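Student: Letter by letter, the chains look like this.
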Amino acid sequence: MHLKEVSVSKEANLPFAGIPPELSERTNALIDQEPDFSSLEVSFSHQYEETKPFTLWNFLAPYKFRFIFALILVALTEMLLLVGPYLVQVAIDQAIIPKQFNVLLMVAGVWVGSLCLAVVISGIRIRFLGRLGQLLMYDLRVRVFSHLQRLSVDFFTEEKAGRLLTRMTSDIEALSNLLQTGLVNLIAQLLALAFILILLFSFNVQLTLILLLFASPIMLTFTIWFSRSSEKGYEVVRNKIADVLSDLQESLSGMRLVISFNRMKHNMINHRNIVGDHRNANDYTAKIQSIYRQGTQVITTLTSIVIFIAGFFILRNENPTLDPEGAFTLGTLVAFNILVGRFFIPINELSGLYNEFQSGNAAVIKLKGLLETKPSVVEKENAIELKNLKGEISINNVSFAYDGKTEILKDLTLHIEAGKTVSFVGPTGAGKSTIAKLISRFYDPTKGSITLDGTDLKEISFSSLHSQLGIVPQEPFLFHGTIRENILFSKPEATEEELLTAIKAVGIEDMINRLPEGLDTHCHERGSSLSSGERQLLALARAFLSKPRVLILDEATSNIDQQSESKIEKALDALLEGRTAIIIAHRLATTMRADITAVIDDQKIVEIGSHEELMEMRGLYFRMFETWEKQKEERS
Amino acid sequence: MYNPTIEGEGGEFKDEVFYEPVNIEPRFSDPKSTIDPDKTKNWFWRVLPILMSNKWPLLGGLFLMVFTMILGVSIPALMGMLVDSIEPAIINSDPKVFFQLIILIVFLSVIRLIGGTIGSYQIGKASNQLEADLRSVIYNHFFTLSFSFFDKTQTGQLISRANSDIKTIQMFLMIAPMLMTSLLSFVFAAIYMLSVHVFLALSSMIAIPLVFALSVKLRQLTFPLSWLTQARQADVAVIVDENINGQRIIKSFAQELMQVNLLAKAAKKLQWVQVRSVDVSAFYNPLIENLSVLGSVFVWVYGGWLVIEGELALGSLVAFNMYLMMIQMPFRFLGWMLMLEQRAKASAGRIFEILDEKSELLQDKDQVNIKHMKGHISFKNVSFSYADELILKDLSFDIEANETVAIVGQTGSGKSTIIRLLSRFYDCDEGGIEIDGINIQDLSIKNLHHHIAQVLDEPFLFSVSIKDNIAYGKPDATDEEVIQAAKAAEAHEFIQETSDGYYTVVGERGYTLSGGQRQRLGIARALLVNPSILVLDDATSAIDVNIESKIHESLTRLLNKRTTILIAHRLSTINLADRVIVLDEGKIIASGKHEELLNSVSRYSEILSQQAIKNDNESQDNNETDEQQRKRISDLLNQDSDAFKGGFSE
Ligand SMILES: Nc1ncnc2c1ncn2[C@@H]1O[C@H](COP(=O)(O)OP(=O)(O)O)[C@@H](O)[C@H]1O
Ligand SMILES: Nc1ncnc2c1ncn2[C@@H]1O[C@H](COP(=O)(O)OP(=O)(O)O)[C@@H](O)[C@H]1O
Ligand SMILES: [Mg+2]
Ligand SMILES: [Mg+2]
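Protein sequences appear in the order of chains A and B.
Sequential numbering of the first sequence, starting at 1, is according to our numbering.
Sequential numbering of the second sequence, starting at 637, is according to our numbering.
Bear in mind the hints are in silico, worked out from the structure with no lab data behind them.
Incorrect hints may appear among the rest.
Claimed, not checked - Calculated pairs, DSBU-like style, for lysine-lysine (alpha carbon to alpha carbon, straight line, at most 35 angstroms):
#1 A:Lys240 / B:Lys981
#2 A:Lys265 / B:Lys904
#3 B:Lys1029 / A:Lys504
#4 B:Lys1223 / A:Lys374
#5 B:Lys1186 / A:Lys410
#6 A:Lys567 / B:Lys981
#7 A:Lys240 / B:Lys1229
#8 A:Lys380 / A:Lys160
#9 A:Lys491 / B:Lys1029
#10 B:Lys668 / A:Lys232
#11 A:Lys504 / B:Lys668
#12 B:Lys1029 / A:Lys567
#13 A:Lys567 / B:Lys1229
#14 B:Lys1082 / B:Lys1229
#15 A:Lys265 / B:Lys981
#16 B:Lys668 / A:Lys380
#17 B:Lys904 / A:Lys160
#18 B:Lys1229 / A:Lys265
#19 A:Lys368 / B:Lys904
#20 B:Lys904 / A:Lys240
#21 B:Lys981 / A:Lys232
#22 A:Lys240 / B:Lys1223
#23 B:Lys1223 / B:Lys1082
A quick note: this is a predicted structure, and the numbers were derived from the prediction, not measured.
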């Protein structure tokens, strides 16, 4: 495993991390119990699996019997919860008023028994459903993440990284909530409502009708109003907090610019405005919640009052002597009132569940969208495993447009013999990097084809292509982890000796020796404490380690001094003996080392040949060389 | 192409001592107070000044909450009386008491609704205001910190402090008053119950300590679990985030499977800890919930017996039960609140760690402001280290006003560090830097930055429009000025080709622009503010020679009236300078004209690799050591590539 997990205790070397000591003991004890999953292996294939569309139903279908079992448990718990209010009525009418103490004892016995049963059954239910839910979530995380690996580079350019991250975090969390509490609760509350209504009807039909016709509509309207407004409110809060966070993130990342352009005041006011909007959004939800919380209590109390008044008149008409044996008794009235409180709980809960359901459903839709996105660059079924690549590349009449409209490359043809070093020069924005991306198959050409050793790129399996073809981009990407892990990224199984060779080849052994923990120094913030040239050197070491048969350097040495560069080039010469290389650079010195140079401009190759040949052509290359020489003379 | 606004001293704001652009209307008043600087105080007292800067909603809300709580406590007693008032006699003749009670209850409920709503809303508002103020205070504080602070912290960490830690405090301050009042209601309820029947009251509360103990135990178990859950969730998020940003690297080294395995492990750990949480709550939650009911069972049995014996009215028994429910609530939440307090305290500690961090940069000594900076820079015996190792050693050099100087040195020799010291991102450990004869530590920071503009090696673009990016240092610049700057940086043409021209929003990290295009935007941004000192730190590394030479043309036109520092590796760039300063291992080894240095200083030609090029040009053989090195590396590199050797016959 090359990347260290961001483990809790590992971060302690930063002064600003961790938890207070009084709490850390228990957390550390827990971490010690955590099993080691390091031998866990999952499978992955680039093939896009055509399964059923991702809907809640399809997702849960394989587990339907487990869910039915869970539902039975839920129904049992809900029934047990109603034993209490029923027993209260029995106690008043059959024990207290008729003064039957042993009936009272019996009631107590049954009640305690039902409580014990409730403890056991709901314990089992929580455990069972929780485990099932977590298993589903694990599967889903791996499934969505695997799909992300299948998607092509264009997808990651278009989608905001932050938005993709929420697919894997908050969307899956929302779905998890829906599964573990939402769905079951929904059914539980509906059941509870039904049971309570049955019990209420058995107590008294008139009172129940009053409850249903008078109080329920009010509570229901109130609850619906609340869930609508709070949903709207939270939506605004979510948007505003996203604004706050992205402003914060950008200010911290661009801190040097903020300071050096004296933008502090502007940014402070701007942030205050954003924070203020967020506060207003919070105030709105606080208002809604205050009204709702107090409102439900008052509605419950007032409903009790109405029931009492109605009960009073019923008693007066039907049972003025308060005979406990009568059709409607005082005990019934009291028990009824206790149940009224219970009756409103499911209604309130259902409103919360409605929101949960909404966001769970939204998450399902978003995940479905992601899982159904097809990669634009696909690996063919039964793709060829191309072993022992020679490195002959041929680009045949290739045209390409990122957006399908504006052509960046037009009818480009180029043949690179195995073992040759080719350099691309040309104005910025001419499409040099684009060719490199096409050869690495980050994109497929819109027209024409590219072959490697005579095989069309589209026929070759991704793993055999990429393990023999390495590209080093201009902006090196360092992962969270140590320098060692970052270099080993291209070949996790490499030996220490190979690693050291790669490091020596790019000449960073001195730099690494200077670092406090050598190779095991953490790359802070994607390597911000290294100079930009040093980061490029690390990226080069990474590429050297994997010893690709075809190496593409896309301005990979632009921030490196010439001495280091020529050292690297020597190492490269050694490395490249018999290997194919494509080097994109703006330094003529680099270009002059190449076997062939292709000058790219105006969507195509305008000139091609060795340095001498190009000079003779007296074209764009010649002019570039002139510019360079002229500047030299002018100055000196 | 002659452009008066960015040439020389033509800019409007050049007459100001410093230009601090504000192009936005404040819509909210600034925080009125900040935290108490006394580090010895308890966290709550340190936050109190901010809370108190907005005290009326808070105090008013608290008063209303207590008031409505008292009303709320009286309702069950009235309900009990209502039950008792239903007697055969009353039912038949005189229901007056019954209806009086009803009117009273309705009246109290309505008051409670109004009071309670306003009260809890005000408390919510106060806590939201506190949150907003803390957010602003901490954001503003970030700008006063030195860069060595940011070197030892991670952005993610800072963001979580400036966000979730503040949220934890806000939560606590919103919920604490509610729990406090409900705790107070316990007192009233207990008094009522005791006044009705001492022994019944005491024995009905038997389950409460047990419920309390269990819920404290539950919270104790939950804290590490929820904490670890968060940590594991963060692990998953970090992996996904890096995976998304590093997707090209992952693809180009075919490491997808390894990434999936990495995630699977993290997800498995998350699953493990969440299952643990499930198990804990499966054990404790049903127990706590049903144990509370046990008190009711006891009340009905024992109380029922008392009613049978005639010692208690049925209504009192009903009221008793309602109170029992009421008093169990605060105890169930007390454990929760203790944990919230612990967390709020920890969060506050983490926030204070940032706010207590002081930087020397912004001390209000007698600060000098230069109105028209000439741009004479002189480094006097400057030494500097980021950590232990000295990066710059006793460095002294001068750059004349209006001079163009190139700093040349190996990668990692400290070139960018010199620039960082000059703009006071860091302060020198020893020695000093003077501009126009004034030590930069005596200059006000804003004045310094007003005169210096730099283009860094990796141009950072904000996710706003191209125009706003160029006008970052001068948001009130006219379109004309922006276009002029873009033209000078040879960026105008490609900007016009983008979908919305100057109004195209540059996506995250500007992925759809090529490297050279981004660098040109960075140059335009610096040119627009018309600085007295312009620094280009490897700012044209991704730009081809032709365009570079055009940029240089406009630069030479503009350079004459300002001091320019160039850091570059390319001869084409170095050639632009009047003078070259050669930096090696933190020391200056030479300074002079490029051609002279090339002939006289061997280290210089080494750094520029002039030999190597000559060798290649004249097709001379590499010297022996090179050849040996080459062979050795080649041997090593090919050692274990047997797998590939088969198809490789040369
Ligand atoms: N992902 C992308 N989406 C859209 N346009 C792109 C993307 N990447 C590059 N371009 C555009 O394609 C053109 C060629 O870019 P590139 O190949 O990076 O040029 P260079 O020759 O400098 O390497 C530029 O105009 C650039 O703006
Ligand atoms: N923030 C930092 N913390 C610690 N070391 C740093 C930091 N920034 C740069 N360094 C180290 O200081 C040395 C000089 O860096 P720099 O000035 O960026 O070099 P360059 O001459 O390439 O611009 C390098 O070895 C680099 O690793
Ligand atoms: Mg490019
Ligand atoms: Mg640098």
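Student: The structure should be examined with respect to each hint, and the outcome stated for every one.
Tutor: A quick look at each hint next to the structure:
{"no.": "1", "hint": "A:Lys240 / B:Lys981", "in the structure": "26 angstroms, holds"}
{"no.": "2", "hint": "A:Lys265 / B:Lys904", "in the structure": "46 angstroms, violated"}
{"no.": "3", "hint": "B:Lys1029 / A:Lys504", "in the structure": "26 angstroms, holds"}
{"no.": "4", "hint": "B:Lys1223 / A:Lys374", "in the structure": "56 angstroms, violated"}
{"no.": "5", "hint": "B:Lys1186 / A:Lys410", "in the structure": "27 angstroms, holds"}
{"no.": "6", "hint": "A:Lys567 / B:Lys981", "in the structure": "55 angstroms, violated"}
{"no.": "7", "hint": "A:Lys240 / B:Lys1229", "in the structure": "56 angstroms, violated"}
{"no.": "8", "hint": "A:Lys380 / A:Lys160", "in the structure": "28 angstroms, holds"}
{"no.": "9", "hint": "A:Lys491 / B:Lys1029", "in the structure": "39 angstroms, violated"}
{"no.": "10", "hint": "B:Lys668 / A:Lys232", "in the structure": "31 angstroms, holds"}
{"no.": "11", "hint": "A:Lys504 / B:Lys668", "in the structure": "58 angstroms, violated"}
{"no.": "12", "hint": "B:Lys1029 / A:Lys567", "in the structure": "26 angstroms, holds"}
{"no.": "13", "hint": "A:Lys567 / B:Lys1229", "in the structure": "26 angstroms, holds"}
{"no.": "14", "hint": "B:Lys1082 / B:Lys1229", "in the structure": "34 angstroms, holds"}
{"no.": "15", "hint": "A:Lys265 / B:Lys981", "in the structure": "31 angstroms, holds"}
{"no.": "16", "hint": "B:Lys668 / A:Lys380", "in the structure": "64 angstroms, violated"}
{"no.": "17", "hint": "B:Lys904 / A:Lys160", "in the structure": "27 angstroms, holds"}
{"no.": "18", "hint": "B:Lys1229 / A:Lys265", "in the structure": "42 angstroms, violated"}
{"no.": "19", "hint": "A:Lys368 / B:Lys904", "in the structure": "23 angstroms, holds"}
{"no.": "20", "hint": "B:Lys904 / A:Lys240", "in the structure": "33 angstroms, holds"}
{"no.": "21", "hint": "B:Lys981 / A:Lys232", "in the structure": "32 angstroms, holds"}
{"no.": "22", "hint": "A:Lys240 / B:Lys1223", "in the structure": "50 angstroms, violated"}
{"no.": "23", "hint": "B:Lys1223 / B:Lys1082", "in the structure": "29 angstroms, holds"}
When each numbered hint is compared with the structure, violations occur for hints 2, 4, 6, 7, 9, 11, 16, 18, 22.
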